[in-house]
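Generate the whole structure from the sequences, applying the supplied hints.
As they're listed, the protein sequences go chains U and B. Quick note: the first sequence, position 513, residue 513 per UniProt numbering, numbers continuous. Quick note: the second sequence, position 219, residue 219 per UniProt numbering, numbers continuous.
Because the hints were derived from the structure by calculation, they are not lab data. Among the clues, some could well be false.
[What the hints assert, rightly or not] Okay, derived cross-link-like pairs now, DSSO-like style, lysine-lysine, Cα gap no bigger than 30 Å in a straight line:
hint	chain 1	residue 1	chain 2	residue 2
1	B	Lys237	U	Lys411
2	B	Lys195	U	Lys468
3	B	Lys226	U	Lys468
4	U	Lys411	U	Lys361
5	U	Lys87	U	Lys142
6	B	Lys135	U	Lys685
7	U	Lys633	B	Lys237
8	U	Lys692	B	Lys226
9	B	Lys237	U	Lys369
10	B	Lys135	U	Lys361
11	U	Lys369	B	Lys153
12	U	Lys368	B	Lys174
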Amino acid sequence: MKFNIEDLPVLFPYPRIYPEQYAYMCDLKRTLDAGGHCVLEMPSGTGKTVSLLSLIVAYQQYYPEHRKLIYCSRTMSEIEKALAELKALMKYRADQLGEEEQFRGLGLTSRKNLCLHPSVKKEKSGAIVDARCRSLTAGFVKEKKERGEDVDVCVYHDNLDLLEPHSLVPNGVFTFDGILKYGEQHKQCPYFTARRMMPFCNVIIYSYHYLLDPKIAERVSKELSKDCIVVFDEAHNIDNVCIESLSIDLTEDSLRKATRGANNLERKITEMRSSDAEKLQNEYAKLVEGLRGADEAREEDTFMANPALPDDLLQEAVPGNIRRAEHFVAFLKRFVEYLKTRMKVLHVISETPPSFLQHLKDLTFIEKKPLRFCAERLTSLVRTLELTNIEDYQPLQEVATFATLAATYDKGFLLILEPYESDTATVPNPILHFTCLDAAIAIKPVFDRFSSVIITSGTISPLEMYPKMLGFTTVVQESYSMTLARRSFLPMIVTRGSDQSAISSGFQIRNEPGVVRNYGTLLLEFSRLTPDGLVVFFPSYLYMESIISMWQGMGTLDEIWKYKLILVETPDSQETSLALETYRTACCNGRGAILLCVARGKVSEGIDFDHHYGRTVLCIGVPFQYTESRILKARLEFLRETYRIRENDFLSFDAMRHAAQCLGRVLRGKDDYGIMVLADRRFQKKRTQLPKWINQALLDSDTSLSTDMATASAKKFLRTMAQPFSERDQAGVSTWDSKDLERHKEKMEKEKIRELRNGGGKMEVDGMDGLSNGQNGIDGDDFEDEDMDALMRDVDAE
Amino acid sequence: MSRAPARNGAAPRRPGDEDDICPVCKSSRYLNPSMRFLVNPECYHKMCESCVDRIFSHGPAPCPVAGCARTLRKARFRRQTFEDLHIEREVDIRRRVAGVFNRREEEFESLRDWNNYLEEVENLTWNLLQGVDVKETEEKLDAYKEQNEEGIKQNAAIESQENANTEAQFAAQKEQARLRREAALNEELDERREKEEGMREMVDMMAKGDGDADTIARESQKVVLKKSTARRTAAEKSRQQAAAVPLFSIQGLKPLTQAAPEKEYDPFGGYAIKPEYYYLRDHYEHSWLDSARSDAQITAGGYDVGEYCARAMMEAFGGLGVFVQDEIGGRQMRAEKGVGTASAAAAGGGGEEGVDGDVL
Ligand code: SF4
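Structure (C-alpha cells):
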C-alpha cells in the first residue's frame, strides 16, 4: 500500500499496516528530520524490520541527499532475514513505480560464509579462513606474483581487480545466497565484492561488530560518510556487545604463545636483515618521519587495526625506542615477561590502568608512551616482514592490543587478575581480565560520527537506561503498545505455589524442597494444559541442573513425561541444536515437548518459538546475573560512580530485559497466541520494568497468582483462543488498510487542531504526569529483597 | 620423578618448577620442598639458598658454576623477579642506564629530537645487552654521566617527586572510592528504613480505622514518595558538593620546579639611603657640640647631635652627585617630548574638529 507521512510518500509492501507500525514510521521520520538519535521499542512480531526499511528507503529515494543506511543486526539469521525483506521491498517498489530504481543493497558477513575458494572455504574455523585468505590476497603476494615469483593467489580475488572498482555488481539487492551465486558465475570473490562496494551501496546490512569492534570498524567502516543513518536492531544487549569488544582476557597459555610469537618475529627479523635489509630500513625511515604510508591507510586487509585510538595520536611518530625492529621485539618480550610475573601472584588483584602502568614502569622501565604505540608498531612490523601465517601471531597481537588499550585509557577500564578458576579450586589457573567497564567508550565514535543513530528492539525497557549507559541524547524515545483485536497473549505473574507458600529463585530458598516442588507442580500443570510446545527458562545452568536432579528425585519428571517430551539446552551449541530439532519435530507431530533452557543462553537470544513451537513460556526465577563475578562487581561500581545508576537498579534492569526477551520468544506475530508465565515472587515488584506492551496486557488481577489460579485462567484463555478468528475481525482495529489509515490521519489532524486551540497548557500537564509515573516506576522497585541486599552488601564489602 | 609427566601436561606450572634441581648441589625440590633459588646480578647463575649459605658465608668466593668463576658476594644474591633470566639481566642493565639517561621530553626542542635521543639510548642499552662494544659503550655512559651530573640529579629529583605525587593520588582515589561506597550504602539503608517506617505508619493508620484502606494506602504512598524524592535530591546535592570540592583534581600537571625562596620585603625596592660621597662617623670632636651633648636642657627635648651632624654633612656634599651637563641634556629632551605631545594634541584636536564638521 501507499501512503504519505507528512510530505514523504511511503510504499509499504503489504496491503495492510499495523497502527504501531505507522506510529513507528512517523517517529522514525521525525528522528531523521531532526538529525538526532533515538531509542524505539516496538513489540516483537509486529514487523519492525519491514517498517524500518520501507520508511528509510522511501526517505532515501525521496530526498536528494540519499543518505546511506547502515543496518546492524546481531545474528547471521537476522541479517539474512533483513536482506530478504529488503529484496521484497525493492521488488514491490519496482512494481509500483514501474521502474527499477538506482539502488544497491548488500550484506556483509565473515569470509567463512562468503568464501568461494575451493580449498579455503572447507576450513571449519573462521579465523583460519581469514588467515588463509589473507595469505592469498595480501598486497605483497600480488607484488611477488607480478615479479614473476611462484606464489599462490586466489583467482576470485584477482578477478576483482579487472573490474571497474565502483560497479563490481549490478544494481539491486543481493542476499548472501544471491551474491554467492553471482560470484560463482562471474568468478569473483563475494566477500571482497561486498567489502569494496560498501561505499557505493544505499543499504548495508551487517553485524554489530563491523561498527562497534574498533579492531574491525576501522578497516571496514571507515569510509562511511557522516550523514549515514545507522540502525542497531535487536539492540537490547548493545551495551554488552560494546564492552566485550574492548575487553581482553589473557591466560598463561596465551602469554606463552605470545613469547613464541615474539621469538619467531625475532628470527624473521634476523633473516630479513641478512637477506633484505633494505625493507627494514625503509620501514625505519618511514617511522622516523612519522608517516603512516598512504598505501597502508587504504589497504583493506591489514593485520589488525588500532583499538579506538584518538586520531591525533595516530598522526604522531612512533617513539624512538621502539623504532627499530629489534628494539621493538625486545620491548614486547619484556612486556610479556612482566605479565607472566604478574600472573604468578596467588591472590586476586584488581587495579586501574594507571597503577598498573606505574608498577610496570618501576619494574621494567617500560614507559606509557611506547606502550601506547604497541599495536600500531606491531602491525607495521608484520607488514614489513611480509608474514603470511598470521594466526601464529594472534596471541601476540592480543597482548599488543592490551598494551595499547591500557596505556590509552585511564578511566573505564580495570585489570582483574584471578589466579583461581573458582573459589574452591586449589590449582591455580590465572586469568588476567582487562575489562572495559564503560559501554560508552566503544560506541562513542559511532555517535560522534553519525548524525542519526537508531536503537531499536522488541524489548528495550526502561528506555531511559540506554542513553544513560551509552552516553548519548535522544530526540525521540518511544515505546509502542500492541494493538490487538483480541487478547492474544496472556502474561501472568505466579507468586505462590499450590500450597500457597511463596516461590522464588532467591539464594536462600531456591533449593528448598518446598520451592522446588512448587515449581515442579507448576511445570506439570502447564505441561498438562499447553498444546504443543512449552519453553521454560531458568536463571542459570547451575540452577537448572540442580532443580532437574531434584525433580528427578521427586518423580516430577516422570509425571511430565506422560504429557511431553523433555529436552534440555546445554552450553554445547551442537547438542543444543540437536535438542532444538527434536523439539520442533515433537511439536509438529503432536507429541508436544518441553524445552528447558537458560535465560542468558543461545536459545533465549536468537531462536523464535512462533505458533505451535511455543504456546507457553515459563520463566522460573528472576534471571539475575551471577553477582559474585568480580567483573560484574567492578562494572556495577563504575556505573554507580560514573552514571549514577545504582547496583540494584542495574541488576534488576538487566534481569528484566532478559526475562522480557524470553517472554518475547513465543509471540512472533499478531495471529500468534501464547501464555507468558513469570514464576517468582519478586516479579510482582518488577512489573513496571517490563516492556510497555507486555505490561499493558498484564491485568492487575493476574499479578499475584497461585499455581491453581494461574492454571484456571490459562485454561480459560486457551479456550477463547480456540474460537475461530478470521482476518476480518482484525481489520480496522489491529490492522489498517489505506482507508483506515486515512481516517486515522484525519482524526489526528483534528486532535492536533483541538489541542492547539486549547493551548499548550494541557500538554504540559500530560508531560508532568508521565514524569511522575516514571518516578513511580523507579520507586516501586523492591528493596526488600533480602538476598539481593545481601548481595549488594557483598559487593560493597569488596 | 613420578611427578615429571604430570608437570608436562596442561597443568599450570609454578615459578621455579621447571628446573627443580639446583645446578650446584643437585638437590631437588623433591627432597627439599622449601627450596628457593637465588641469583647474583654479577653472572646470573642460579643456585639454591643453601648453596649460597654454604659457599659465600665466609666472604666473597668465585661462582661455583663451571666456567664462570666470577667473584660473588653473598649480599648481592637475590630472588629473581622474572622467569626469564635474560630479562632479569636486561632489566638490571636498564635500571642502570635509566639512572644516567633520564632526560625528559620537555627538555627537547622537538618531538623528533626526543625520539632520536630515545633511540640513541636504546642503542646503547642494546649494545650492553648483546655484549657489542661493551667497553666503548661503558665509556660513553661514564662520560655522559660525568658531563651531566647536575642535570641527572635534577631530573632524578623531579622524577621521584612525580612518583610520590602519583602514589599520593592513587591513595587519595582509593580513599574517595571507599567514601563514596560507604555513602551509597548508607543512602540505601536510609531509604530502606524510611520505606519501612512509611509502611508501619500506614498500617497504624489503618488499624486506627478511620477512612478506607485504599485512600490511606495511596496517601502514605505519596508521603513516602515525597520523602524519598526529597532525600534523593539532597543526597544528590551533597554528592555534587563533595564532588566539587575535594574530589576535584587535575590530571597531567607538570611538576613545579622549585620556586626561589622569597626575599624579605623591602619598601624602598632596593634603594638605600646611604651617603655615597662621604662617610659618616659616629662621633665628631667639636667643642661646642659637647655642650649640646651633655646639657640636659637640650637633650631632654630629644635633640640628637648625630642627626645634626648627618644633616650638616649632607648639606655640605649635597650637590656633588649632580652633573650640570647631563641635567641640561635631560631637560632639553623633556622639552622636545613636550613638543611632540603638543603636536599630537593638535592633531587630535583637528580630528575632533573634523568629526564636528561631519556632525554638522
Ligand atoms: S579472496 Fe574470497 S574467495 Fe578468495 S580466499 Fe579470500 S574469501 Fe575466499
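Structure versus earlier hints, numbers of those that do not hold, lowest first: 5, 6 and 9
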